[in-house]
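Visitor: Here is what each chain is made of, one letter per residue.
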Amino acid sequence: MAETKTITLELFRYHPETDSEPRFQSYEVPYDEDWVVLDAINWIKDYVDGSVTHRWSCRMGVCGSCGMMVNGEPKLTCAAFLKNYYPFPIKVEPLVNFPVERDLVVDMEGFMDKLQDVKPYIIRDDVNDTSGGEYLQTPAELAQYKQYSMCINCMLCYSACPVVGHEDDFLGPAALALGHRYNKDSRDQGRTERLEVMLSSEAMWGCTFVGECTVVCPKHVDPAGAIQQAKAMGAQEYFKRFVMPKGAGATKGAGA
Amino acid sequence: MSHVSSHHHDVVIIGGGGAGLRAAIAIAEENPAFSVACVSKVYPMRSHTVTAEGGAAAVIKDNDSLEDHIYDTVSGADWLADQDAVEYFVNRAPEEMIQLEHWGCPWSRRPDGTVQVRPFGGMKIERTWFAADKTGFHMLHSLFQTTLKYGNIVRYDEHFATKLLLDDEGRCRGCAAIELRTGTVRAVLGKSVIICTGGAGKAFPFTTNGAIKTGDGMAMAYRAGVALKDMEFIQYHPTGLPGTGILITEASRGEGGILVNRDGRRYLQDYDLGQPLEVDDPRHPQTRTMELGPRDKLSQCFIKEMWAGRTIETKDGHVVHLDLRHLGEKKIDKRIPFVRELARSYAGIDPVYQPIPVRPVVHYVMGGIDVDSDSATNIPGLYAAGECACVSINGANRLGSNSLTELLVFGGQAGTHAARFAMDHPDYDVSALLAQAGDERDRIRRTYFSSPGKSGGERIAVLRKELHDSMEEGAGIYRDADSLEATCNKIAELWERYANVALDDHTNSFNTELTAALELSSLLDVAQSMAHSAVERTESRGSHQRLDHPERNDDDFLAHSLAFHREDGSAPRIEYRPVTITKWPPGARTYGADSGLKRE
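Chains as they are written, first to last, in the numbering used here: chain A, 1 to 256; chain B, 1001 to 1600.
Among the clues, some could well be false.
FRET-style restraints, in silico, Cβ to Cβ [unchecked claim]:
#1 A:Gly133 to B:Arg1283: 28 to 34 Å
#2 A:Gly133 to B:Asp1280: 33 to 39 Å
#3 B:His1003 to A:Gly133: 36 to 42 Å
#4 B:Asp1469 to A:Glu109: 38 to 44 Å
#5 B:Pro1380 to A:Asp129: 31 to 37 Å
#6 A:Asp129 to B:Asp1350: 44 to 50 Å
#7 B:Pro1380 to A:Arg23: 48 to 54 Å
#8 A:Asp19 to B:Arg1344: 36 to 42 Å
In case anyone wonders, no lab produced these hints; they're calculated from the structure.
Idealized CB from N, CA, C, for every residue including glycine.
So that you can see chain A by itself, here it is in the shape it has in the complex:
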């Protein structure tokens, strides 16, 4: 019988109840070329060490749960195939720029607050009145924001972003892209109040346009492009509000 191939996973371990600092633990895992890193972690948890702790669910790249650092890069572990690393060891760590709760699980409360901050919903008075049928939106209008609506909240972009790491109040790529998604939606009338939040702090201006967020995004959302466009939109809004006569520039009605 042929010898079973294996691959080594080095997992970041940290338990808040027992560990004063993190450590790494190595596991030998059977190698299967169809397996992704997540399958290997699940195998360890199931058959070797039930205390290994991570998040996952859909295993098809859409629920956004299983983002981790794989050999130093932020990845969805359900889309990171072992065959792309074999025969070398794979080091798996929690997403950087987030506090660690336990092992590979990070604290995402701050991220959730930032999503809420950008008012990610349609703002207009008749939003609950369905009597007139659907709001019309042409395919071209849909295309204005569609790309920015594809974010799965996996937070890889926060781990890639050099600003997130040292500016706590930076809303960050995913939240800004989401705010921009609603600003670009022809059905929305809340751009002014949303931009107020997006532009209020050092937040958005803190983005140095490194573009790492766009590079690591598994869903091609292009947060860097969204932030750049939002900055331009913000400058325009500023101009309208303070330079134009009062009221002339209010963005009511269908968006541009």
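Given chain A's structure and the hints, the job is docking chain B onto it.
Guide: What follows is chain B alone, placed relative to chain A:
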């Protein structure tokens, strides 16, 4: 005994997927002074609604009618759906879909800006609204983002509910839940409760369902005394990727994809599903015909092809081919881009140039928590909606694109009714509920943390795998008395061994080995109700196909099965309740070009 922390709200929702979030908004709108708790074992946008692809059904075209949607649903259900509920569902569907459109869902559009619809299996007219092929993703995120504007929706993210709490008068007043971050058991209390925890595909080894779909809410209601209804009806989706079970949406056939066997033959024509048209015929694909037949029949055809030796053998089992090549790159990228992404990543093939290998895969549980057409259970103050519930609009076979709409229609309805119940029954005795939550905390510690650990106990993954193998072997697409009996016996054995489950991890913080053990107990309960309900139903209907009883038997089984829980490990008691038939008497279930509603 130390104190269990209590958290007081007006309505408690368990589950933060499509149905739970829709319910939350309905309550927040019904009574803005109400506080709504949303308890979810994951952050809401991780919920399994996120993976739904193809679309959501609601009549919108001028040439369509509510009656056609009703008839398609009732006949698709093999007449096991309650027709009053289906009527309510179909009538409410368009308004709910428009409401979600107003809340920002990026529906695909026609050039004039109106909503675009596509054909779907078993539906006579195109009525499936879609957002490319990530419809569930967009619906879930639109709903979740919309909830963020309501200050009165309070989320308990990553809280694992383990038990319903009932007051002295037998009303449901909340749940005990483990806060994952700390391991603390909390009592989340309210004047009424809605369960929206999704399905239980993880009772099977090969499923489109995510890891979280372990039937926890079904099991909680079942243990509290609510019947699980029609649990023998389990939907196999005909087109999953071999190996992973990743779903390739029915929309790929709605857009014109075809299924062929090892000889390149469109084999569905050999099974009373109508005659194929050439793929370049402008009338292709025809509704209720061939590849647009219902899921139960298409999955059964696959098995018959396999038995006849006409499928293709791979290292991940037998497959047939889903061929999309004639659609061309442009259409594939526009209408079903996620199919291309998934096939490339997980099957290593590009559907623009190669056919996709597919096989049937467990996808959906038609059965669930027994609720009436107001989404209410037999426990006052307890409601359920979404896949965990069984109204029933899905009967013996759900039509593709009805379940996403069901989340909205019945999630909203459950929210409204639970809010009204809370207004009418404001007072309850907190101390009794806290005592129950304390008992539940002690039970969890005693059951899972007092075992000796690694020395000789049962491993969760081992028991789970044996359950999986037994369900696939005995309770799959085709069953008989012997295969089901073997599965029932296996589950009884697994319950005995479950008492010896040993965890490696006895700590509090984010103990996902503990939650896996709790999930396994849910799966055992749910699987047991499935297998025993299937034993008792000695007929074949929809997705429940008995080799030893191949015919439908309306005289004895035009009725819902109701499985009642006894103590852990014993077989449930099975009863029956007649199906509600209003205007559409049971008839022959036919597919093919001239099938569907016949008008006088």
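Visitor: For every hint, state whether the structure bears it out.
Guide: Hints and how they fare:
1. A:Gly133 to B:Arg1283: 28 to 34 Å: Holds, since Gly133 (chain A) and Arg1283 (chain B) (Cβ atoms, about 29 Å apart) stay within the stated range.
2. A:Gly133 to B:Asp1280: 33 to 39 Å: holds, 35 Å
3. B:His1003 to A:Gly133: 36 to 42 Å: violated, 53 Å
4. B:Asp1469 to A:Glu109: 38 to 44 Å: holds, 40 Å
5. B:Pro1380 to A:Asp129: 31 to 37 Å: Because 34 Å falls inside the window, the suggested range holds.
6. A:Asp129 to B:Asp1350: 44 to 50 Å: Cβ of Asp129 (chain A) to Cβ of Asp1350 (chain B): about 45 Å, so the range 44 to 50 Å holds.
7. B:Pro1380 to A:Arg23: 48 to 54 Å: holds, 52 Å
8. A:Asp19 to B:Arg1344: 36 to 42 Å: holds, 40 Å
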